[in-house]
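A.B. asks: Sequence:
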Amino acid sequence: MRIRRRLPIILGVVLVAAAVVVVVQLRKHAPPEPARLLPSGDAFFYVNLSWLRRLNAVKQLPPVSHDPEYERFIQETGFQFERDLDRAAFAVHYPTTWGGAGTPTGADQPRFSEVFEGDFHAEKLSAYLKKLARSVENYRSVDVYSIPLESRTVRVAMIGVGTVAVSNHEDAAVIHGMIDRSRKLASPFAGPAFLRQYYKYIPSNLPVPTLAWAIVRVENGDRRFPLANGLWSLIIPGHAVVVVSARFLTALHFRAEAFTNSQEDAQRVSEQASTFLNIFHAAENSAAGGTDPDVKQFFESLKVEQHDARAVLTATLSPGFIKKVLTEPPAVIGPGEEEKKNQVQPSPSKPVLPKGKKKRVK
Numbered sequence: 140m141r142i143r144r145r146l147p148i149i150l151g152v153v154l155v156a157a158a159v160v161v162v163v164q165l166r167k168h169a170p171p172e173p174a175r176l177l178p179s180g181d182a183f184f185y186v187n188l189s190w191l192r193r194l195n196a197v198k199q200l201p202p203v204s205h206d207p208e209y210e211r212f213i214q215e216t217g218f219q220f221e222r223d224l225d226r227a228a229f230a231v232h233y234p235t236t237w238g239g240a241g242t243p244t245g246a247d248q249p250r251f252s253e254v255f256e257g258d259f260h261a262e263k264l265s266a267y268l269k270k271l272a273r274s275v276e277n278y279r280s281v282d283v284y285s286i287p288l289e290s291r292t293v294r295v296a297m298i299g300v301g302t303v304a305v306s307n308h309e310d311a312a313v314i315h316g317m318i319d320r321s322r323k324l325a326s327p328f329a330g331p332a333f334l335r336q337y338y339k340y341i342p343s344n345l346p347v348p349t350l351a352w353a354i355v356r357v358e359n360g361d362r363r364f365p366l367a368n369g370l371w372s373l374i375i376p377g378h379a380v381v382v383v384s385a386r387f388l389t390a391l392h393f394r395a396e397a398f399t400n401s402q403e404d405a406q407r408v409s410e411q412a413s414t415f416l417n418i419f420h421a422a423e424n425s426a427a428g429g430t431d432p433d434v435k436q437f438f439e440s441l442k443v444e445q446h447d448a449r450a451v452l453t454a455t456l457s458p459g460f461i462k463k464v465l466t467e468p469p470a471v472i473g474p475g476e477e478e479k480k481n482q483v484q485p486s487p488s489k490p491v492l493p494k495g496k497k498k499r500v501k
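Per this note's numbering, the very first residue in the sequence shown carries number 140; after that it's consecutive.
Don't take every hint at face value.
The calculated lysine to aspartate or glutamate pairs, modelled on EDC-like cross-linking and capped at a C-alpha distance of 20 Å, are [claimed, not checked]:
(1) 270 x 289
(2) 463 x 403
(3) 339 x 439
(4) 269 x 225
(5) 323 x 221
(6) 270 x 225
(7) 270 x 215
(8) 269 x 210
(9) 435 x 423
(10) 462 x 221
(11) 463 x 439
(12) 442 x 396
(13) 339 x 210
(14) 462 x 423
(15) 263 x 310
(16) 263 x 221
(17) 323 x 253
(18) 263 x 309
(19) 463 x 444
(20) 269 x 247
(21) 462 x 444
(22) 263 x 225
(23) 263 x 289
Keep in mind that the hints were calculated from the coordinates and are not lab data.
Assemble the whole structure, with the sequences as input and the hints as a guide.
C.D. replies: This is the structure:
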């Protein structure tokens, strides 16, 4: 009788424990919290700067120059992106129409929604936003600041401790949805469906988290795609979804995976990518970069493979190579310039006279 009485309690404990394990596993493989707050979009980007700081990678990068407007922002809010930002997630909304080739304007431009996590000073940031805002809306006890910027409205909301949401989408419901999702962030099923569908292809079983990743819908046949006339059109002929990730162990490991509609499309992407990389490698060698060990190691690590309807590009970037890419190259000295530089120049106060002539004294 005692066993029968305890059996429901034991079963209840087991079911609760199993549910907790399932939720933990789902959250482990779910997109990061800032990304789950984002609205639906056509492309998603994420960067984890906190791990870059732990690896001391930020200190190895060139210093960031501050223009007057950014310096004013730092002074009034006390927030500096390269120092205080921990994580950031971005959603890109492709335009409904694309007004031909060239630089788009107005409604033809893509819109963006962002979530930033970091060491924000709430009172200073609120005062700064209030000074810039044209109006302030209170939605679910959260102030939404509407700031006019370049013929559009940027909406900003502090949706949690150290979390700020931003969107320049013309529909205010976009940032309202971000506020709503912040109230149920514990759900592992939160976030846009397109993001959840392809996030599983980003490496996650690593000793350190992925530092940065991107999931981009490529529509070269659709004029809404902002990069239809650029590099994408040379490598990817039609529809594809590109998943890019970067992780740092002793070097930066880069991986780009294109999901196409068929094996033929994947083969075409692999061939186009290989051709482009070969041209780039040849151009680098002609510029005397082939003798650099870091550059040589980078090109040796490049691999393009095809797996059914997927084309995969992998590469390894050493810290030395990354530093050289981000550092401004020194001025190139042309032929004969070094000899001219080493010649002793005559003093301007003592003019040089031709041989055989003397200066007459009056």
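A.B. asks: None of the hints should be skipped; say for each whether it holds.
C.D. replies: Hints, verified against the model:
no., hint, verdict
1, 270 x 289, "17 Å, holds"
2, 463 x 403, "37 Å, violated"
3, 339 x 439, "28 Å, violated"
4, 269 x 225, "24 Å, violated"
5, 323 x 221, "29 Å, violated"
6, 270 x 225, "26 Å, violated"
7, 270 x 215, "11 Å, holds"
8, 269 x 210, "18 Å, holds"
9, 435 x 423, "10 Å, holds"
10, 462 x 221, "17 Å, holds"
11, 463 x 439, "17 Å, holds"
12, 442 x 396, "12 Å, holds"
13, 339 x 210, "39 Å, violated"
14, 462 x 423, "17 Å, holds"
15, 263 x 310, "27 Å, violated"
16, 263 x 221, "18 Å, holds"
17, 323 x 253, "18 Å, holds"
18, 263 x 309, "27 Å, violated"
19, 463 x 444, "27 Å, violated"
20, 269 x 247, "29 Å, violated"
21, 462 x 444, "28 Å, violated"
22, 263 x 225, "19 Å, holds"
23, 263 x 289, "24 Å, violated"
Of the numbered hints stated above, those contradicted by the structure are hints 2, 3, 4, 5, 6, 13, 15, 18, 19, 20, 21 and 23, listed in ascending order.
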